[in-house]
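As they're listed, the protein sequences go chains A and B.
Using my numbering, the letters of the first sequence correspond one by one to residues 1 to 111.
Using my numbering, the letters of the second sequence correspond one by one to residues 112 to 223.
By construction, these hints were calculated from the structure, which means they are not laboratory data.
A portion of the hints provided could be inaccurate.
[As the list claims (entries may be wrong)] The list that follows gives simulated cross-link-like pairs (lysine-lysine, BS3-like), each with its CA atoms no further than 30 Å apart:
hint, chain 1, residue 1, chain 2, residue 2
1, B, LYS160, B, LYS180
2, B, LYS160, B, LYS179
3, A, LYS80, B, LYS210
4, B, LYS179, B, LYS210
5, B, LYS210, B, LYS180
6, A, LYS79, B, LYS210
Treat the numbers as computed from the prediction; the structure is a model and nothing was measured.
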Amino acid sequence: SQTIHQWPATLVQPVGSPLSLECTVEGTSNPNLYWYRQAAGRGLQLLFYSVGIGQISSEVPQNLSASRPQDRQFILSSKKLLLSDSGFYLCAWTVGASGYTFGSGTRLTVV
Amino acid sequence: AQSVTQLGSHVSVSEGALVLLRCNYSSSVPPYLFWYVQYPNQGLQLLLKYTTGATLVKGINGFEAEFKKSETSFHLTKPSAHMSDAAEYFCAVSVRDYKLSFGAGTTVTVRA
């Protein structure tokens, strides 16, 4: 069966520190992968998506970057976190028009 | 570009009453439409989807939605609310690039 793993579940980081969130997918090949952010009281904002290894598209300019070193691995990074980077980060995958399958999310608090 | 508008950020219903969540979309090409549910501090779970074919779509947990092209709507309903339906619900649309655009969400509370 297809599963998606996202970690860590919660993270508290100081301003200026680096960030690395990882997402891996099992049970499928060549998925489209996505990073979304959900800020408090706001909807879901698409940050990055990838249609293949090394192919990253950024939806909004920001302090974050993404990488896809393997077919089923998607990493969200930052060199120096800002307070505004706090939020709930969600990884998702899809193959075709089946709809997204989401990970369980990472609650990031920047202090 | 496609977009979604969810009417009403909060809906309160009595247990056993009808749940109706409204969603209107904008798309220049035939869309794919989705409803997701999110419980606190969890990821989103797919309730149902419309891609092609039958316009009345049945999903999990007794929910259903009807695609009405003439009204550009995809409203979500459940005949009888249960306490476990308290959550946030998101309508979403995509086209051939499969990128989902989400509505702002509707929080449902269920009164005993």
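Hint-by-hint comparison with the structure:
1. B/LYS160 - B/LYS180: holds, 15 Å
2. B/LYS160 - B/LYS179: Answer holds: B/LYS160 to B/LYS179 is near 13 Å, not above 30 Å.
3. A/LYS80 - B/LYS210: The given pair, whose Cα atoms are some 28 Å apart, holds under the 30 Å limit.
4. B/LYS179 - B/LYS210: holds, 21 Å
5. B/LYS210 - B/LYS180: Given pair B/LYS210, B/LYS180 holds - Cα atoms ~20 Å apart, limit 30 Å.
6. A/LYS79 - B/LYS210: Distance of about 27 Å is within 30 Å: holds.
Consistency note: the structure conflicts with none of the earlier hints.
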